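There are 2 protein chains.
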Amino acid sequence: MKKFTQRSTTLLLAAGMGLAAATAWSAETLQDVMKRRGLSQQDLLAASKTYVPTGKRDDFIAFSSGGQSGQVIVYGIPSMRILKYIGVFTPEPWQGYGFDEESKAVLAQGRIDGKDITWGDTHHPGMSETNGEADGQFLFINDKANPRVAVLDLRDFETKQIVVNPIYKSEHGGTFVTPNTEYVFEAAQYASPLENKKFYPLEEFNEKYRGGMTYWKFDRKEGRIDPKKSFSVELPPYSQDLSDAGKGPSDGWSFTNSFCSERYVGGIEKGRPPYEAGCSAKDTDYLHVINWKKAAELVAAGKAKKINGHDVLMMETSIKEGILFLIPEPKSPHGVDVTPDGTKLVVAGKLDTHVSVYSFEKIMAQIKAGKFESKDPYGIPVLSMKDTLHTQVSLGLGPLHTQFDSKTCVAYTSLYVDSQVAKWDYCEGKVLDKISVHYNIGHLMTMEGDTAKPAGRYLVALNKLSIDRFNPVGPLHPQNHQLIDISNDKMQLIYDMPLPLGEPHYVVAIDAKKLKPAVRYKLGTNSRTDQPHPAAVRAGEEHTDKKGNKVEVFGSLIRSHITPETIEVDVGDEVTIHLTNLERAQDETHGFTVSTYNVHASVEPGKTVTVKFKADKEGVYPYYCTEFCSALHLEMQGYLLVKPKGWKASKTTLAAGTYTEAEYKANVKKVADTQVIIDSVVAYITSVNYKDFPDVVAMVDDAFDQLGKTKGLKEKHEAFAAKKDWENATLWAEQIWQYQVKTADLGLRAKTYLEQNGAKKVK
Amino acid sequence: MKKFTQRSTTLLLAAGMGLAAATAWSAETLQDVMKRRGLSQQDLLAASKTYVPTGKRDDFIAFSSGGQSGQVIVYGIPSMRILKYIGVFTPEPWQGYGFDEESKAVLAQGRIDGKDITWGDTHHPGMSETNGEADGQFLFINDKANPRVAVLDLRDFETKQIVVNPIYKSEHGGTFVTPNTEYVFEAAQYASPLENKKFYPLEEFNEKYRGGMTYWKFDRKEGRIDPKKSFSVELPPYSQDLSDAGKGPSDGWSFTNSFCSERYVGGIEKGRPPYEAGCSAKDTDYLHVINWKKAAELVAAGKAKKINGHDVLMMETSIKEGILFLIPEPKSPHGVDVTPDGTKLVVAGKLDTHVSVYSFEKIMAQIKAGKFESKDPYGIPVLSMKDTLHTQVSLGLGPLHTQFDSKTCVAYTSLYVDSQVAKWDYCEGKVLDKISVHYNIGHLMTMEGDTAKPAGRYLVALNKLSIDRFNPVGPLHPQNHQLIDISNDKMQLIYDMPLPLGEPHYVVAIDAKKLKPAVRYKLGTNSRTDQPHPAAVRAGEEHTDKKGNKVEVFGSLIRSHITPETIEVDVGDEVTIHLTNLERAQDETHGFTVSTYNVHASVEPGKTVTVKFKADKEGVYPYYCTEFCSALHLEMQGYLLVKPKGWKASKTTLAAGTYTEAEYKANVKKVADTQVIIDSVVAYITSVNYKDFPDVVAMVDDAFDQLGKTKGLKEKHEAFAAKKDWENATLWAEQIWQYQVKTADLGLRAKTYLEQNGAKKVK
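Just so you know, the sequences run in chain order B and E. If you want the working numbering, it's the position in the first sequence, counting the first as 1, plus 44. If you want the working numbering, it's the position in the second sequence, counting the first as 1, plus 44.
For the record, the hints were derived by calculation from the structure and aren't laboratory data. As the structure is a computational prediction, the values presented were derived from the model and not from experiment. One should not assume that every hint holds.
Copies of the same chain are indistinguishable here, so a pair counts whether it falls within one copy or spans any two.
The calculated DSSO-like cross-link candidates involving lysine-lysine, where the alpha carbons are at most 30 Å apart (straight line), are [as the list claims (entries may be wrong)]:
#, residue 1, residue 2
1, Lys534, Lys557
2, Lys272, Lys350
3, Lys148, Lys241
4, Lys242, Lys692
5, Lys314, Lys591
6, Lys753, Lys242
7, Lys661, Lys349
8, Lys252, Lys594
9, Lys755, Lys451
10, Lys347, Lys252
11, Lys430, Lys261
12, Lys760, Lys338
13, Lys349, Lys241
14, Lys350, Lys695
15, Lys148, Lys661
16, Lys692, Lys350
17, Lys314, Lys689
18, Lys337, Lys347
19, Lys159, Lys658
20, Lys735, Lys713
21, Lys241, Lys692
22, Lys349, Lys692
23, Lys656, Lys242
24, Lys594, Lys314
25, Lys695, Lys566
26, Lys242, Lys349
One chain only, chain B, in its complex shape (with noise of 0.2 Å):
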């Protein structure tokens, strides 16, 4: 048996002497896995062209709606790891969203009458566009139960303002972007009447439901939604479903599909046939063209309504100066899609086998003309579908959704009821490929597919049903989005993601290299209003203030204590929380929570989070750094003392600890030798080129902030030794080792990653 330790001293001396990491490889071969794991070619094809390996990036990044989980998910292409889960409409506490007070702030903006709204029905996120492109600068999502629009920034990924929709009920059919994000834009979906609160009976749908489109004015520079230059215009009781902006020729046109234009009412325990076949009875519904920039005009020159203080455009104005005009389109429609060049719009009826490709030129000298074929019961100009038509095209069953390829004239279609993707061209009219997908693909997504610059190669189908694609998991399912390689003539489908939670209705990617989120905030941000927080400390700052009833702490958090580590408070008071995380460093997160006071914050470095709440019971709580942030991350911990009325303290001193002048010298002993490592470390380093390391300056400079903060610890200890108060000279020579461990895990780290990535001597 070996000798145990006697002293922890050696924990960095062994530094020097780990075994290598293992390089070699195993004896099995490629042709053994895949024999054993049973890969044909075809899959070993597949895996090459999705494998990210460890340190590598994605080429894209997706953002998905989370569906009924309320989120934005965030996953790469092509390995389709999913990086990120966004709250948005859902509080979430690993991102203390709706549980840190500047996050609950963001979600109190989507009260509806006055309540709070838990969750969202998120559908169709929409990236801000640059001239048609897209920019990577925000997302936008809506929420398709409770009407809102979220944004979110790109810088931090996250949500920063939610905007209650003042004339809906619900809108399925946004978020979509004008080509410079001028507007973000969203239509109604179930027909309801405009004024809140208002009650109509299903006899007076006609005349009394409405739907209706609303463009939300965004100031990209403010990073917000201005709900007070945005205005929406009223349409038909017609289940408006999804647009598309113009862009190009068509720029300043938006276009809307619908379906259920039968404005039929169901009633099935009547004895009323169901909505399904009522609302798909007709073989066309309309597609709704709208002058946006006109309308934006009419409303600037009052020519709208105020409905629920918002303006809104009404349909007899609409009608009278010319912006709004209806064509038919085959049969309960989903997706209206403009092409890249912005001359065509492409959409897919579920109900009928084709695709309609409508030319935006067409539609332009019809109107120009005043060549309408009839008016629609609102008195809605109706243009002729043979007329505007450029071609259709036979799909297949259940034409759902249409993304275009960087190639020229190639778009692709999604087939609900076959299951597959169909590969076409849009200006001959002609099938290229199809592919079969599992199971009943609803949007499907091209990489920048919905701009006017697509970047091709790759193609998401997002299944609505996975049945036997993954190990089970109960009766709930995961979706699944399929990848496939559209790259060459021939598709090849190429990895099969499930999806944990939500279900996703449309998603949007961009290529990886637009993006370039911050890894830290300035010192001391408020990360949802982008300002500085006025609660924010720096080190040595943090204070703790009582007035009356009110406590309000001024905090810090650091590798790996908090300040405070102790509040008193009496119970019945109302306590606020503000912490500031002081770490500089990537990745050095820190939480926080009280025990049982279901508050939580998610502090990255830089920021400043406030929680809070009223400490209504007597006891004792714990509170804890909610991070494994390092290695002591269990001792980043503090107790919120509620005292009782009237209590009076009758022991005053903490018991002392049994520390001895020999634990001392060996602390302080421990702390010379650790040094040594640490100098042997910064040699090598500084010995080779790691200045040409971003990563490893980052680290390096971690590692000084680290050890900077054991500044004055040795005259402390030292004075405490001089009035020989071994604990407190013990425990400040071991709070310079708890330093000295931090930087040595960093300067290792650095070390190791200089080492596997071929640093250089220099001279």
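Put chain E on the given structure of chain B with help from the hints.
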């Protein structure tokens, strides 16, 4: 230009004419791809070891804590694809968890001091065992922040129970199970007074603050913890941490680590050294050794004290009865892990370079001989470390947690500060291999590696920092779970998996073949109680009751309509809606929400769910199915009409649709034509050995379910036609076609499946 479609009858007629799915492969060779993507031969080998082709399954299923997300994460190994996030302590709308009444009742069990706690800090999942082996029946998970334990049933992957710990304020070290899941146990973490809401100042820390171990009695038949038969063992305020149960020779005992056995109280704001210094000042902490079998007998014999109504075996009793012992263990350890054969315990101190292997036999020998080196301040006998150790091995910096291989004597230990995994021999006491991970590994996990029969092959490193491994997604980074192939002498890193939501602490994995989840519920089940739901209905039994101001709807969901389609209430009514999903088909989940009333339900096949709200806002509120359940899912809708007080209908008839005899006849013809298609598909399916394919048999069952719903509709539309009611005649005929479309969808999927899976002609 092609002629645009006149009627949608072509939908199904086109079925047989689609292009065959692409099966040819692109010209890009494996070498081309490797060159383009910069993959090495080693990368390709790793890809081949982890890629799971479409339709194939993973070998192991991992259950990970979600950390501060308050959830459990389920993923497949080796593909590392996340299959499900299960709502446990945090409401999650996709699953309806916390948004329907049945799951609200589960969450309500987790209230503390009468208040909802809407999140949890989940740490250590434990899987039910039979004879020390993982049996795949139940999963247990703790909440560190708000001391609670949850029970998940792996038949449906749902949370069934939450139990509040009655005496702790935090509990990090749980859950663990005894070898036959007699008990699920957990340790307190931060010491506090055991009496709820009892205040003692920190100056009385040593006297009044306590730790403890709680043993929850698990009733496997009921699938629930029985709090009345559960008990705790009072322990000193030593910050108890992780535990493990003995097995084989050590069955009946449990082992629990601790840190801060210094009992240090910080207070940096008052000039005291922080907790991190004072809690790691001494070279050893205490391993707690408890005879839980005897403890249970003592409790049964009435030797426990009731604290907050819960049985607690006080230290005095435990000492007197000889069931509680301490052994020194080097410095601030995290994991204690019993070897598969139950003969040894492995402890790693985070601030020591060694792992310490204790011999259970030696521990028992010392106890039997009454050989104690000392007593702790509370009178607990302390065994000699030296006399109970089997061996110690110096592994590296920051050893944390150990798991076992299927190979005898082989263990793996995480090294936090070194960012490495060490493979070593715990019998011989020697290091076998090391591998670098990225970065700062906390726990690690091998397949069934904490059971009596580890399965080998894979290891997962749970790295706390990912830093540069993934595409950046803002200041808050994903964690990084790295998959390591341990089947050969040298460990091989084969996959980096980002964790998109939450910070997992520990994971357990099980052979996928051991899990037998269901795909549907027995019709009318309350999934949270596993009992028949009293408000379930079968098709045709739907009804709505109104008593006073209470409206109760007994409804149903099926592709593609909700029954009822209209719910009329008076403002202020209390509305209860029960919905039964009548589907039998796998993956045919429906969702349900009512606009702006903050309710949502996920209703899997067979489930009955209740949502409840007060209709306090007059107006019109659409409701709809939130799942993309069929081509006409958008039409699966209805209206909640909230009438103002005293409202009287003036108009009582709905506008009639404009349908003609010609349209009716066209629909009848469409139905007949479609039936021909269906018959031909049926003819194909029955011409081959489809009964040999269970998935196809399920699809055929479902198809005939759908077609069966057309029963009686022909008579209905003919009767309306006889009365020249062309609207009803047309729409009821259309409804037949809607069922035909669903039938055809299934039939075509079955046909494709059979063609692609080599079905053979039968005579």
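Evaluation of the provided hints:
1. Lys534 to Lys557: within (27 Å within a copy, 36 Å between copies)
2. Lys272 to Lys350: within (11 Å within a copy, 62 Å between copies)
3. Lys148 to Lys241: So lysine 148 and lysine 241 pass the 30 Å test inside a copy (26 Å) and across (28 Å) alike.
4. Lys242 to Lys692: between (59 Å within a copy, 15 Å between copies)
5. Lys314 to Lys591: between (64 Å within a copy, 20 Å between copies)
6. Lys753 to Lys242: Result: close neither inside a copy nor across copies, 63 Å intra and 38 Å inter.
7. Lys661 to Lys349: Between copies, since 24 Å is at most 30 Å while 52 Å is not.
8. Lys252 to Lys594: Close across copies (28 Å), not inside one copy (51 Å); limit 30 Å.
9. Lys755 to Lys451: Close neither inside one copy (62 Å) nor across copies (49 Å); limit 30 Å.
10. Lys347 to Lys252: Intra 21 Å, inter 74 Å, cutoff 30 Å: intra-copy only.
11. Lys430 to Lys261: Neither way: lysine 430 and lysine 261 sit 35 Å apart in one copy and 73 Å across, limit 30 Å.
12. Lys760 to Lys338: neither (73 Å within a copy, 50 Å between copies)
13. Lys349 to Lys241: within (18 Å within a copy, 58 Å between copies)
14. Lys350 to Lys695: Close across copies (28 Å), not inside one copy (67 Å); limit 30 Å.
15. Lys148 to Lys661: both (23 Å within a copy, 24 Å between copies)
16. Lys692 to Lys350: Between. Shortest inter-copy distance 28 Å satisfies the 30 Å Cα cut-off; intra-copy 61 Å does not.
17. Lys314 to Lys689: between (63 Å within a copy, 24 Å between copies)
18. Lys337 to Lys347: Within one copy only: 14 Å inside a chain, 81 Å across chains, cut-off 30 Å.
19. Lys159 to Lys658: both (21 Å within a copy, 12 Å between copies)
20. Lys735 to Lys713: neither (32 Å within a copy, 77 Å between copies)
21. Lys241 to Lys692: This pair counts as between: shortest inter-copy Cα distance 17 Å, intra-copy 55 Å.
22. Lys349 to Lys692: between (65 Å within a copy, 29 Å between copies)
23. Lys656 to Lys242: between (37 Å within a copy, 22 Å between copies)
24. Lys594 to Lys314: Answer is between: at 21 Å across copies they meet the 30 Å cutoff, but 59 Å inside does not.
25. Lys695 to Lys566: Neither: 43 Å inside a chain and 63 Å across chains, both beyond 30 Å.
26. Lys242 to Lys349: within (17 Å within a copy, 61 Å between copies)
Hint violations for this structure: numbers 6, 9, 11, 12, 20 and 25, all remaining hints satisfied.
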